[in-house]
Amino acid sequence: MVTIGVDIGSLTTKVVIVRDSKVMAHELVLTGESSYQAAARAVQGAMSLAGVDTKDVAKFVSTGVGKGETPYAGEQATDVLCAVRGALFYYPSARTIIDMGAESVRVARCGANGRVLDFGTNDKCASGTGTFLDTIAKALEIKVEDLGPLSLQAKEDIIITATCAVFAESEVVGLIARGKDKASILGGIIKSIASRVYGLTNRVGINKDVVFIGGGAKNIGISKSLEDLIKQELLIPPDPQIVGAVGAALIAQERSQVE
Amino acid sequence: MITAGVDIGSLTGKALILEDNNIISWSLIPTNPDSNVTVRKAIDIALEKAHLSLSDMDYVVSTGYGRLVVPFAQRNITEISCHAKGAHWFFPEVRTILDMGGQDCKAIRCDDTGKVANFAMNDKCAAGAGRSMEVMADLLQLPLDDLGKLSLEIVEAEVPISNTCVVFAKSEALSHLRRGKHSSDILAGVCEALATRVYSLMQRVGIETEFVISGGIAKNIGIVKRLADKTGLTPRISFEPQIVGALGAALFAQEILKREGQT
Amino acid sequence: MIAQYGYADGSGEYYIIIDTDKCDGCEECVKVCPQGVFEIALDDYDKAVACVKEDVITSIHYICLGYHRKCANEESNCHTVCSQDAISHTW
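Residue numbers (my numbering), protein chains in the order written: chain A, 17 to 275; chain B, 42 to 304; chain C, 3 to 93.
Hints were generated in silico from the structure; no laboratory data involved.
Fair warning: this is a prediction, and the values are worked out from it, not measured in the lab.
Yeah, the Cβ is synthetic: ideal placement off N, Cα and C, and Gly gets one too.
Hints should not be assumed to be uniformly reliable.
For lysine-lysine, the following BS3-like pairs were computed, each having C-alpha atoms within a straight-line distance of at most 27 Å [claimed, not checked]:
no., chain 1, residue 1, chain 2, residue 2
1, A, K159, B, K211
2, C, K24, A, K247
3, A, K140, B, K222
4, B, K156, C, K49
5, C, K72, A, K140
6, C, K55, B, K156
7, A, K224, A, K234
8, B, K82, A, K196
9, C, K24, B, K156
10, C, K72, A, K224
11, C, K72, B, K299
12, B, K211, B, K222
13, A, K240, A, K198
14, B, K266, A, K154
15, A, K247, C, K55
16, B, K260, B, K90
17, B, K211, A, K140
18, C, K72, C, K33
19, B, K266, B, K222
20, A, K247, C, K49
21, A, K140, C, K55
22, A, K140, B, K271
23, B, K156, B, K82
Rough simulated footprint, nothing fancy, chain A against chain B, three-plus residues with beta-carbon under 8 Å [what the hints assert, rightly or not]:
no., region
24, 198-209
25, 268-282
Could you put together the complete structure from these sequences and hints?
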């Protein structure tokens, strides 16, 4: 059975094609102004890679902020459910899932069967999200993918006092004016972001094993900082950004099997 | 009796010299990355305007974010108390004060002597401070000082901004701009959202007439008018809303001297 | 005076409210808080009262887990140990 999961996020849209519980192909595009078009493009791309056609697909399940508007008939599932299902696929021992996206962060605790016990979301404040990292990358003139490794080369421990992304950006500008090196400034920013995520994790509670997914999990600086704060090892899937879409595709499979 | 109040904020530094019940001079300068420079410059300008020197000051009180780095101040007092006292000097009937600068917003309720009865501050989130307006000015490529007026000149209809967070609100405003909405209409939505947040903060401390607005926001007619509508009160604004804190500090200096003189 | 420490952002309003007229500076709240949110300090009128530490105010939602959400379930919390009933929370 072939199913497709589509995770339409604020920055990127991810599509995963699953056949009989195995990931066949995936695609990622920028969401841009139209989630409808992004979903269409991404689905097309993934289907080409997998060599399947719409008629081969048993079910589509969409998730993410843009899940309401899709160019194909399908069902929906919440971000939290998809994150949990996707994390369990990679790590059956997962009991706490931290999902850091571009504009929102989610933490969920689950049982062995994937039942969500408790969860918390932040999608109203940019601090602790990927967008904040993007803003700082631009201010420091560094590529997003270099942020993590560079932050590990911090020479001094800089503490960013602002807990708002906008104020923190000004603080960074001030630090640059005072001659602080980029790596150390970045180290401070990353610790700040990690503490926001940690705060949310603290509210929901932590049960081992802890899995870290989403675009934010690709940043080694954040994962290290977060590990230090929660004092637990973080399990990170090989491609953390598509895990939500994987979860959506698996949920599509489960729902089809029931029918 | 000559006293001085020094108010070092995150964006501006102010100093004010008070002789008995007269303001004889004051200064208002942008902060320098080195706060020592800000402090020195602020007091020097005020002293120069008054043709006085630091040794002429009988007592100095510092306030504001940088109140601990004023070496010549004999005492530091929080900006909350200084704002209440300063506002009360201008308007003895004041009972509710709203002070908003670039980085924070304070709502204060005071009694008939200018003593603080209730206060709540928000200096964590840019959405509740003047910074949100600066970000919009930058986005719309308009001078900050014109935003308030423009927000009242709606062309078609106010464009509601649903995101509180400045980062998200900026993207929201940008999409509206790209879809051809007028800057003034977008500004109307931005100012309405900010005024609503500020009003919420004020409700937290209780709103009672007279209502005084101080800080940079007092110069934004778009916010001032919307707050007048929401509270049903006419906001009073002093001739230079940004020196209210420094004035309060100088007044506290007087009170302390009088108390010490009695012992 | 009613001192409200905290902030409001897009996700909600988070204020710890201390009535400094009622507070007698007994320090019980300082001792009972698992996150170390409180301290005793002189206010502008030289009265020793409880206040929220300045460096935690802008992270209060992350540091104080919330009275209603968390500590209300505990036998001892900053509300129960305050003999003057001077502390309250908005979340």
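May I ask which of the numbered hints given earlier this structure violates, with the numbers listed in increasing order? The structure conflicts with hints 2, 11, 14, 20, 23 and 25, although it agrees with all the remaining ones.
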